[in-house]
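Chemist: Take the sequences, apply the hints, and build the full model.
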Amino acid sequence: MVFNCLAFVVFFALVLGLHSLPLPWTAKKINLLIASYIFYAAWNPPFVILLWISTVVDWYAARGLVEAKRQSARHAWMLLSVIANLGMLGYFKYGQFLLDNFTTLMAALGVNYQPAHYDIVLPVGISFYTFATLSYTLDVYLRRALPARNFLDYALFVTFFPHLVAGPIMRPTELVPQFAKPRRASADQLRFGLALMTLGLFNKIVLADSFLSTAAERIYDSDKLPGALDAWIGTLAFSGQIFCDFAGYSTTAIGAALCLGFAMPDNFRFPYAAVGFSDFWRRWHITLSSWLRDYLYIPLGGNRHGAARTYAALMGTMLLGGLWHGANWTFVAWGGLHGLYLAVERVLRAKFAGYRPGPLMFVALGLLTYTLINLTWVFFRAKTFGKAWDVLRGMLGLNAEAKPILTTYFIVSVGFIVGSIVLVHWFMRGRTLESVVARAPAFAISAVWALMAFAIVIAQGSGNAFIYFQF
Amino acid sequence: MNDTTAGDEHAIHRRETASDRPGVAQPVPKRPVPVQPWSRIFAGMLVMFALMLGAWEWYWRDFGVTPSIRNTDGLWAIQRRRIDNGEGDATVLLGASRVYFDMQLPVWEKLAGKRPIQLAFEGTTPLGYLEDLAADPKFTGRALVGVAPDVFFTGFAYRGSAAKYTHKESPSQRAGQWLSMRFVEPYFAFYDPDYALATVLRRQPWPDRPGKHAFIDVRKLSQTDAGRNTHMWSKVENDPDYRALARSVWAQDFVPSPDDPPPEKIKEMIKTEIERAAKVVKTLRERGVPVLFVRMPSDGRYLEYENTLFPRAETWDALLAATGAPGIHFQDYPELNQDWNLPEWSHLSQADAERFTAALYGVITRDFWKTPGDAAAAH
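The listed protein sequences correspond, in order, to chains A and B. Sequence positions in the first sequence follow our numbering and run 1 to 471. Sequence positions in the second sequence follow our numbering and run 1001 to 1379.
Calculated directly from the structure, the hints in this document are not laboratory data. Quick caveat, the model's predicted, so the values are computed rather than measured. Please note that a few of the clues may not be correct.
[Said to hold, decoys possible] Partial selection, computed: residues in chain A whose CB lies under 10 Å from chain B:
#1 V2
#2 N150
#3 P172
#4 E174
#5 P177
#6 G193
#7 L194
#8 N399
#9 L406
[As the list claims (entries may be wrong)] Listed next, the in silico DSS-like pairs over lysine-lysine satisfying Cα-Cα at most 25 Å (straight line):
#10 K1212(B) x K224(A)
#11 K1282(B) x K1267(B)
#12 K387(A) x K1030(B)
#13 K1265(B) x K1212(B)
#14 K1282(B) x K1110(B)
#15 K387(A) x K224(A)
#16 K1279(B) x K1138(B)
#17 K383(A) x K1164(B)
#18 K1265(B) x K1279(B)
#19 K383(A) x K1168(B)
#20 K403(A) x K383(A)
#21 K403(A) x K224(A)
#22 K1138(B) x K1168(B)
#23 K1212(B) x K403(A)
#24 K1164(B) x K1282(B)
#25 K1282(B) x K1370(B)
#26 K1267(B) x K224(A)
#27 K1271(B) x K1282(B)
#28 K1235(B) x K1220(B)
#29 K387(A) x K403(A)
#30 K1030(B) x K181(A)
#31 K1114(B) x K1370(B)
#32 K1138(B) x K1114(B)
#33 K1265(B) x K224(A)
#34 K1235(B) x K1267(B)
#35 K383(A) x K224(A)
#36 K403(A) x K1265(B)
[Claimed, not checked] Residues from chain A that face chain B, not an exhaustive set, calculated with beta carbons under 10 Å:
#37 A42
#38 Y297
#39 Y409
#40 E434
We treat Cβ as the ideally placed atom computed from N, Cα and C, and that holds for glycine.
Modeler: What follows is the structure, encoded as structure tokens:
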């Protein structure tokens, strides 16, 4: 099920209604668990089994870790969890990709290998819930947390529908304690939660789907060569689209959880006002970047074993982070480019350690960061390297024979919306949404909320899946 | 979870995230609510939202719009599933918008005693959906396939994804379609794709970009019911300005443009689609499923354009020869070649669609499918 559909409106109303009834807390948690399985099954019922496998394996792995006496046994339980989760992820997400690459490699070696094509369905959210359950066993293994006291709390942590299919990727220590005692939203939390859901759906349905996606499609999904203006507008449109789509989902998820009385962490912090790439990754998909940092980068040595190992760990983490997004070498290239940016930034920071930019240079560096981020989005959006090179050449003005593709409407609407997003991010870069809302006049909040709700309804979204559902 | 406390005040203005706490167990997040009169804000929002939506609905009703069921892939799926749910021997209507608008299902049902299944889609070649039926062993009925030359012989498929959607439709998508058809679409006139926010903004008079002319998109032309029976919207018939607008949309294609494929490419496309049709008709024939092609009426500048770019001998006649299937061309039958009212040259008015359906049914049962059950004999 997606948040932006009528079925979810009815589903959420029922869940809210049930949660507000005077039932015992355990009964309410069971209701939430069943509702979460229904939420997932509404996409494709048989795949609830995979969710169940991931949940059960890690429950027993964590218990095994705590009860194990020897370090080798602890290692074994940890490996069981890693292999089970990454194995499932590997098969469903990368199975066909690995097979295709193996076939290509064999062909390069002169071996004609033609395997059957398996129509492997990618279970929605598998990249998210496997990482959530992995963080449970890894936190227990690293002795950062104890296992949940009961299976219900743990299963609800894994399956809790607001974050189940597209994050924020939560750690057990963030969510499991919230299930210990009864939680129900106050009237103000319910209203603010609904306001956050409206904001999130506005970002997704109005900005991403209605206005930005079409311009990106006309550049990236057509066989026409783009000129400079079209290539930049198409890429800027995608940069806006992916932010509004993904941050919109996260905001909706946070709002939905708040309506039920639960707190979820921030996942975005105005990333298009980042100055430098380490700043960008502290602002973009925060729960993924911090997960990769805590469970991959730091265990690989982090920055504690000299420069060479630091750069290797950084690059390895970013390449795998790219691959996490999809079974395509273009995603690996996207991750690799970010790894390169981060490595170069480390070198420059070390070389110019005492440098403090003035206000104008600060903004210029921010805009340079945003420009370089857009170059990475080319690889993220293009389905093939061929298309990526076409768009990059267009951005550099090298497609001399290109004809105009986008009409004035797309240029103006994308320019206005993306320009506004960047300005808003700069205004908000050191603030929180709550601090701005706290200072706004009540009437203004009502009016903006009403306008967003009105725009959502008249945008007439068709229930498009969020981009990150495919990850 | 409580409302904002003193400890949460800090979290309102400066909140740490996981990016600020490397290598440690992350704590329960803070999610404070800004201090505001949320009850009044919420009530004010609801009032403003209701006023805005009411104004928007009033505006479109004043324009002459009445509620219509949306022509979604989900609506198509409901009809398509009839074949798999016991109506595999039904008569299926396929084609582009001419079959969709001009074939009136209640008229056919009254004459035949059974309602056909409407699977036509505007701006879309029927071949993709005919191939889907050919791959479904449950389909053992009859196929009436409309041939709109500029769509059929180019393979254009504006709405070509419905079969794939149907086979992969999730429970939540099905539930959403059910809810929308019952609780939203019958009551709100604004809820038509032609009045979606981005669509309305896009068709405003933006200045042309040098070298890139913005084409006018097809506007609302029809009304649809829950059984996918569709007819021309009365505004097209009765409002001269709107009718002229509808004609001007088609007329954009009548003028040569640099983006048009060259004549050799068009010939190649025609050949490809005819071969494709021959293959699928053969598959269906081997299962005992008759296919009957129909060239629905067009007139005025649209007919001239079709005759120029898609001459009959190279398209319609070649199609029937290659497939071995029979066909009804409206110009070959006096009862189908009457002085019909096609307000924008391409689709019949509602009243004439009813008359045409009855006339076509008469021709079909007289010369082709002699009785509703005698499909094999006619083929």
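Chemist: Among all the numbered hints in the text so far, which are the ones the structure does not match?
Modeler: Hints 2, 8, 12, 14 and 34 are the ones this structure does not satisfy, whereas the remaining hints hold.
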